[in-house]
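Below, each chain spelled out in residue letters.
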Amino acid sequence: KQEVTQIPAALSVPEGENLVLNCSFTDSAIYNLQWFRQDPGKGLTSLLLIQSSQREQTSGRLNASLDKSSGRSTLYIAASQPGDSATYLCAVRPRETTDSWGKLQFGAGTQVVVTP
Amino acid sequence: NAGVTQTPKFQVLKTGQSMTLQCAQDMNHNSMYWYRQDPGMGLRLIYYSASEGTTDKGEVPNGYNVSRLNKREFSLRLESAAPSQTSVYFCASSEARRPINQPQHFGDGTRLSIL
Numbered sequence: 001k002q003e004v005t006q007i008p009a010a011l012s013v014p015e016g017e018n019l020v021l022n023c024s025f026t027d028s029a030i031y032n033l034q035w036f037r038q039d040p041g042k043g044l045t046s047l048l049l050i051q052s053s054q055r056e057q058t059s060g061r062l063n064a065s066l067d068k069s070s071g072r073s074t075l076y077i078a079a080s081q082p083g084d085s086a087t088y089l090c091a092v093r094p095r096e097t098t099d100s101w102g103k104l105q106f107g108a109g110t111q112v113v114v115t116p
Numbered sequence: 001n002a003g004v005t006q007t008p009k010f011q012v013l014k015t016g017q018s019m020t021l022q023c024a025q026d027m028n029h030n031s032m033y034w035y036r037q038d039p040g041m042g043l044r045l046i047y048y049s050a051s052e053g054t055t056d057k058g059e060v061p062n063g064y065n066v067s068r069l070n071k072r073e074f075s076l077r078l079e080s081a082a083p084s085q086t087s088v089y090f091c092a093s094s095e096a097r098r099p100i101n102q103p104q105h106f107g108d109g110t111r112l113s114i115l
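Chains A and B, in that order, are what the protein sequence lines are. Taking this note's numbering, the leading residue of the first sequence gets 1, the next gets one more, and so forth. Taking this note's numbering, the leading residue of the second sequence gets 1, the next gets one more, and so forth.
Don't read these hints as lab results, they were simulated from the structure. Bear in mind that the values here come from a model prediction, so they are computed numbers and not experimental data. It is possible that part of the hints are untrue.
Cross-link-like lysine-lysine pairs, in silico, DSSO-like; alpha carbons within 30 Å at most [what the hints assert, rightly or not]:
hint: 1; chain 1: B; residue 1: 14; chain 2: A; residue 2: 42
hint: 2; chain 1: B; residue 1: 71; chain 2: B; residue 2: 57
hint: 3; chain 1: B; residue 1: 57; chain 2: A; residue 2: 1
hint: 4; chain 1: B; residue 1: 57; chain 2: A; residue 2: 68
hint: 5; chain 1: A; residue 1: 42; chain 2: A; residue 2: 1
hint: 6; chain 1: A; residue 1: 42; chain 2: B; residue 2: 9
hint: 7; chain 1: B; residue 1: 9; chain 2: B; residue 2: 71
hint: 8; chain 1: B; residue 1: 57; chain 2: B; residue 2: 9
hint: 9; chain 1: B; residue 1: 14; chain 2: B; residue 2: 57
hint: 10; chain 1: A; residue 1: 42; chain 2: B; residue 2: 57
hint: 11; chain 1: A; residue 1: 42; chain 2: B; residue 2: 71
hint: 12; chain 1: A; residue 1: 68; chain 2: A; residue 2: 1
Simulated coverage check for chain A against chain B, where a stretch passes if three residues somewhere in it have a Cβ under 8 Å from a Cβ of chain B [unchecked claim]:
hint: 13; stretch: 62-74
hint: 14; stretch: 103-114
Quick reminder that beta carbons are idealized off the backbone N, C-alpha and C, glycines included.
Whole structure, please, built from the sequences with the hints as guidance.
Here it is, written out as structure tokens:
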């Protein structure tokens, strides 16, 4: 069974520092991997989606890499700001069966605090 | 642009009571999902609906039922609530065109407490 792990569970950095968030998964048979942001009391906002054939995706200050063979993805946030404080979750879409397309397997998230 | 709307936002129930969580999306998506989020466990899929008229079990379906009322609406029902169902429930939707390659869009959640 696919398992998704995010370490550390919490992270605090001073403003301006680059953030590096890690996501690992046990089964490399995936369709894609998605990074989300969750603010307290809110739903999930999709940040980046990387297809299994891609190595990275970029959006503004965000860059996500994918190394499928080693089961790892990293989300980089450049020049962090207090507004980046949130919980970041990764999720993989596993290739378990032909009807597994509807399923995302989530990590527990990394809670990020950016201090002014 | 509302996206995915969930009602209610908060609810407190007593053990054994029933209730239905509502979800509606205005993005013309064919696929919809229900997740629960518990501390330290990430989100887990309860049920999903690939398209109008179809529903399938996810990872943790026991104690729940769903109805895909039409293309816009997907409801989750707790027939006899139990304290273990205390959680935050999220509804999501995605495009049907090659859904495996499409991102899922989430509502703001329903915070449910079972006493």
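Which hints, by number, does the structure contradict?
13
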